[in-house]
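Enquirer: Each chain is listed here by its residues.
2 protein chains.
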Amino acid sequence: MIRRFVSGRPIVTGAVVRRLPAESMDGFPFAHRLDGGRFVFSFPLEKDEIVYGLGEAPRGINKRGWIYRSFCSDDYLHTEEKEAFYAAHNFLLHDGCGIFIDFPAEIRWDIGYARADEAVITLDGEDFEIYLIFGETPRAVVREFRSLIGKSYVPPFWAFGFQQSRWSYPDAEAVRDIVRGYDEAGLPLDAVYLDIDYMDHYKNFTVDREAFPDLAGLAAEMKAEGIHLVPIIDAGVKKEEGYAVYEEGRDKGYFCRNADGTDFEGGVWPGTVGFPDFLRPEVRAWFGEKYRILTDMGIDGFWNDMNEPALFYSAKGLADALETASEMRGKNLDLPQFFALKGAFEGLDNRREDYASIWHEIDGRPVNHMRVHNLYGASMTRAAGEFFEEAFGKEKILLISRASCIGAHRYGGIWFGDNHSWWQHILLCLKMLPSANMCGFLYCGADLGGFGGNTTPDLLLRFLALGVFTPLMRNHSAMGTRDQECFRFENTADFRDVTRVRYRLIPYLYETFRRAAEEGDMMFRPLSFDWPDDPLARECETQLLLGDECMIAPVYEQNVSGRTVYLPEEMCFVKLSGDRITAKEILPPGLHYIRVALNEVPLFLKKGKSIPLCRPALRTSRLDIAGKEDLTW
Amino acid sequence: MIRRFVSGRPIVTGAVVRRLPAESMDGFPFAHRLDGGRFVFSFPLEKDEIVYGLGEAPRGINKRGWIYRSFCSDDYLHTEEKEAFYAAHNFLLHDGCGIFIDFPAEIRWDIGYARADEAVITLDGEDFEIYLIFGETPRAVVREFRSLIGKSYVPPFWAFGFQQSRWSYPDAEAVRDIVRGYDEAGLPLDAVYLDIDYMDHYKNFTVDREAFPDLAGLAAEMKAEGIHLVPIIDAGVKKEEGYAVYEEGRDKGYFCRNADGTDFEGGVWPGTVGFPDFLRPEVRAWFGEKYRILTDMGIDGFWNDMNEPALFYSAKGLADALETASEMRGKNLDLPQFFALKGAFEGLDNRREDYASIWHEIDGRPVNHMRVHNLYGASMTRAAGEFFEEAFGKEKILLISRASCIGAHRYGGIWFGDNHSWWQHILLCLKMLPSANMCGFLYCGADLGGFGGNTTPDLLLRFLALGVFTPLMRNHSAMGTRDQECFRFENTADFRDVTRVRYRLIPYLYETFRRAAEEGDMMFRPLSFDWPDDPLARECETQLLLGDECMIAPVYEQNVSGRTVYLPEEMCFVKLSGDRITAKEILPPGLHYIRVALNEVPLFLKKGKSIPLCRPALRTSRLDIAGKEDLTW
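Protein chains in written order, with our numbering: chain A, 1 to 633; chain B, 1 to 633.
Each hint should be verified, as a subset may be incorrect.
Which copy is meant is left open, because identical chains are indistinguishable; a pair holds if it fits in one copy or across any two.
Said to hold, decoys possible - For lysine-lysine, the following DSS-like pairs were computed, each having C-alpha atoms within a straight-line distance of at most 25 Å:
{"#": "1", "residue 1": "Lys606", "residue 2": "Lys584"}
{"#": "2", "residue 1": "Lys607", "residue 2": "Lys584"}
{"#": "3", "residue 1": "Lys203", "residue 2": "Lys342"}
{"#": "4", "residue 1": "Lys342", "residue 2": "Lys82"}
Read the hints as simulated data drawn from the structure, not as lab findings.
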């Protein structure tokens with residue numbers, strides 16, 4: 001059962017696909033009030049109650065005890081005290097009731113922060129829709145919610161293969177080197193990503209002719225070897241005379257504007273850019289069609305980046321900072337002046353006042369960016385996704401986006417953005433999987449090995465052993481950090497053993513994924529969903545249920561030879577490594593210590609269930625799906 | 001057995017108290033070479049070998065799989081990829097051999113990072129001493145090492161009480177409010193810290209007369225209530241005409257210098273400061289005597305801060321940045337220029353080139369700061385500690401320092417610097433305890449509740465439940481963050497329950513501490529020290545042995561009602577809460593899940609051991625030590 005509450009004149013986000021009767025806020029069952037243009041509602045939290053939701057967000061599966069903000073943020077340092085990541089997933093689930101807030105501006109979710117026994121949710125506006133979804137169980141609530149927001153994007157089959165990325169592989173030869181490195185090491189690989197440096201000076205839909213003299217030829221060469229290239233497209237369009245995309249956007253008035261009607265200009269990788277107003281259907285259609293430039297070259301996969309939108313600086317912000325600096329020159333600064341000076345430069349990126357100076361157009365009327373901020377990235381995904389579906393049909397083109405809100409899940413997948421080579425980021429990825437699934441994001445995952453900072457082979461292996469199960473299995477790292485392709489380390493055999501397990505599981509994962517997409521279900525569930533009355537299962541956030549068949553429990557600490565697991569019921573403990581099954585042992589319910597070597601992938605098979613394991617190959621296209629072995633008790 | 005190796009003409013750090021025969025590097029048993037003025041040595045790491053050491057450093061008890069740098073660093077963001085914290089603790093222990101590098105410049109410790117099976121240690125120089133300490137067991141090696149470096153500082157008894165701090169309590173009334181808040185809530189308290197704002201414009205050894213019109217009177221008032229005030233002293237001395245400490249330092253030539261002989265000037269809290277050259281005995285004596293200004297006011301505790309030394313900017317660095325900014329004004333910056341501009345300001349603090357421009361004087365000869373960087377903070381501690389001992393005797397004055405190197409352990413304790421209100425920082429503190437103990441630092445601890453960021457009551461309680469055992473038990477938080485005094489939250493009773501457990505344990509903790517100091521032993525040991533052949537004990541880094549009596553196992557995750565523990569042998573599981581024992585159960589060896597409420601402190605008593613519990617009081621001075629209850633099986 002779903003109730004729909006409407007307040008004021010909400011902006012249509014496209015998140016929902018079912019039209020339900022609208023109730024006024026008079027019947028809204030939670031305590032609520034208006035507070036200076038903000039809508040605030042609250043509800044009590046019972047002592048041991050779990051609050052789920054918020055998709056790709058900081059902290060854990062249980063959201064209690066922190067503040068979160070729905071405000072797509074270009075923040076690359078995912079530490080515990082952060083409130084907002086790249087996504088804005090406005091779904092919360094507590095006490096048998098799902099709450100979906102269809103509202104593209106900022107929301108602040110105090111989930112037992114100010115008071116441990118109270119949740120207080122604040123919307124930065126009065127025009128919104130809130131859906132309350134009721135169900136017998138959390139899983140039932142999620143299914144009902146997913147029926148409201150429509151079916152999740154399904155990528156092509158090859159997108160379940162192993163993907164290698166880096167910021168950046170500089171040229172065609174580097175790409176060949178990566179493929180060669182993987183092949184020679186016997187490491188499976190299906191895709192190589194091109195980060196921003198493949199473009200001609202970071203101009204969308206161009207290619208640097210020196211680095212990639214014949215991208216179409218390279219794509220064909222790669223395709224013949226079963227490798228897909230996945231180039232990046234950023235939100236901002238470089239301001240440059242003679243650059244067609246820019247000139248068209250400018251001439252057609254497709255860019256976001258300043259209050260005075262001139263094009264808003266900010267700085268991102270290319271330097272000064274315009275930001276296409278993706279909220280307008282004609283702009284989406286125009287921008288989406290641009291991908292044809294690359295699909296015509298045989299490209300069948302893309303990643304949309306910097307679409308929070310990320311803003312290194314605005315022209316105004318930079319001018320202000322430089323003014324501050326010039327005023328301080330030659331002076332004997334006291335400390336407040338020094339901090340003001342330093343802050344002027346440190347605080348240049350993603351400033352709220354810059355966002356607040358941006359104007360969109362909806363149905364011919366100007367709308368301030370702060371009212372629609374969280375819809376921006378999703379609209380860019382929609383632009384691309386709608387073009388791909390129309391031009392090629394469903395499931396033909398891989399598309400993932402960094403920023404997202406609910407609704408975008410129908411057009412593409414997501415990656416969890418810039419994480420770090422931190423052990424705690426293995427767990428952060430694990431915890432986000434069921435939460436993202438609740439919100440419709442099934443095709444998702446984190447940068448394996450960690451994006452920022454330097455990885456170590458043991459961290460990469462343990463990260464990969466989780467990535468074996470995540471639909472998006474991509475190893476990605478930042479410029480200036482240690483190379484972390486799987487063939488870079490001495491113990492290549494270990495990397496073979498782990499990544500080949502993925503390829504044994506692809507048919508199972510793909511099937512499980514498709515079923516979850518079709519049925520509006522989750523691919524990953526917290527243990528508490530299935531064993532709500534088991535105290536240890538309820539609190540467990542280092543293990544997940546996968547489909548109806550099994551449970552995963554990756555190792556997430558350094559310098560250990562295994563980990564403790566909790567089994568809510570009798571299960572068959574299995575370890576996979578390469579082509580082998582290195583352990584298979586029925587364990588009773590309770591606590592166990594399992595040894596897991598760096599080259600092993602543990603999983604726990606439920607009683608009466610089986611998982612098909614095919615023989616691994618180096619490409620998804622070469623998998624012998626028919627020739628399988630059933631993993632059963 | 002200890003072997004001492006000497007290379008070149010080492011700078012005397014004062015770390016060792018025994019004079020051993022010196023061997024030349026010819027007999028040094030590890031592969032070694034000189035590499036462009038750097039001394040490099042290496043040794044293989046066996047597959048499952050644990051490498052201990054490095055004291056207050058990133059990551060875990062087992063240091064394998066990362067790079068560490070001994071370079072006292074003012075870095076307030078203790079994330080996993082960091083290499084250097086505030087301390088430089090040059091002790092490593094592997095394969096029955098302790099390695100102590102008596103060398104005050106930078107050391108890079110690659111402990112299985114580049115190659116998992118190799119450690120490579122690089123000293124930034126050729127003049128050093130290395131001690132190799134051999135023993136039958138890790139604990140024996142540590143004891144032998146501690147005999148080399150002399151006995152650890154022992155603070156006054158009251159320093160084992162609960163300490164409340166914040167940056168800053170602004171005035172006398174705020175201090176009274178804190179004490180009143182604690183007293184009215186029945187929360188024990190022994191000390192209140194004064195951070196930088198108590199001074200007159202951050203000038204050392206001054207007091208802001210508006211905020212603290214009569215600090216001596218306040219100290220006496222507090223002393224009568226059993227409360228000790230602990231003001232901060234920073235390394236830098238404010239450059240100001242008429243400020244006696246500055247003028248004396250300047251006129252006597254006591255400040256560190258530039259190459260041209262002028263005083264080096266940098267910016268810290270006061271603005272422009274001079275840095276006393278603490279490496280010179282006369283400067284130490286002069287600066288140490290300054291503390292008398294405050295001890296004359298009845299102050300008997302101090303914390304030395306910013307003594308890495310922290311440097312917000314140098315005059316030159318700031319001028320360079322402002323020059324860069326002026327060059328860029330009005331230009332259309334491309335991105336590299338933008339990043340250069342931003343980096344000019346972001347990179348102003350603690351620049352290596354600024355450090356390299358600082359000159360000290362040792363035995364009348366100029367010595368570059370980069371050769372002695374890690375000795376600076378320790379020398380400031382020594383200045384204060386030697387004055388206190390001479391003026392008042394041992395164990396009369398509390399002294400803790402932020403920066404430290406081995407040797408400083410004889411003069412004062414340490415706190416682990418600026419941590420964050422992160423759950424993972426509970427574990428980081430736990431892991432540093434045995435490592436710091438190995439290096440002689442017994443009186444140590446972390447900011448409970450976390451310094452940076454906003455805490456939550458559950459995090460604070462779980463942090464406190466670890467802090468119950470750490471000799472330094474201090475709750476400290478940063479300006480701008482949520483107030484986190486124990487009486488601030490609704491569930492005051494929980495805070496009473498946890499902090500009172502500390503007061504029940506003080507006699508035990510104090511006795512254990514004294515014994516460890518007297519015998520050159522550790523107060524906290526990793527489980528692997530005592531059960532080296534038990535695979536789970538070996539890897540356990542979330543539990544510690546305390547003394548010979550017990551094991552601690554704090555809860556370190558949010559939203560859980562307990563945790564898993566591993567018992568290497570039969571132990572008595574005890575939970576303390578307030579005046580009560582809420583659980584007492586003998587558990588067999590193996591894995592267990594224990595429930596631990598937010599207001600409980602778990603510990604595991606070893607067979608045949610007992611711990612005295614006294615009745616709690618609100619002050620250490622009021623503890624009835626004679627009236628105890630023995631906690632036994």
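Enquirer: All hints, please: hold or fail.
Expert: To see whether the hints hold, each was checked on the structure:
In this assembly of identical chains, Lys606 and Lys584 lie within 25 Å of each other by CA distance solely inside one copy; the values are 12 Å within and 36 Å between copies. With identical chains, the CA atoms of Lys607 and Lys584 are at most 25 Å apart within one copy only, with a shortest distance of 13 Å there and 37 Å across copies. Within a single copy, Lys203 and Lys342 get their C-alpha atoms only as close as 31 Å, which misses the 25 Å cut-off; across copies the closest is 23 Å, which meets it. Taking the shortest alpha-carbon separations for Lys342 and Lys82, both the intra-copy value of 22 Å and the inter-copy value of 23 Å come in at or below 25 Å.
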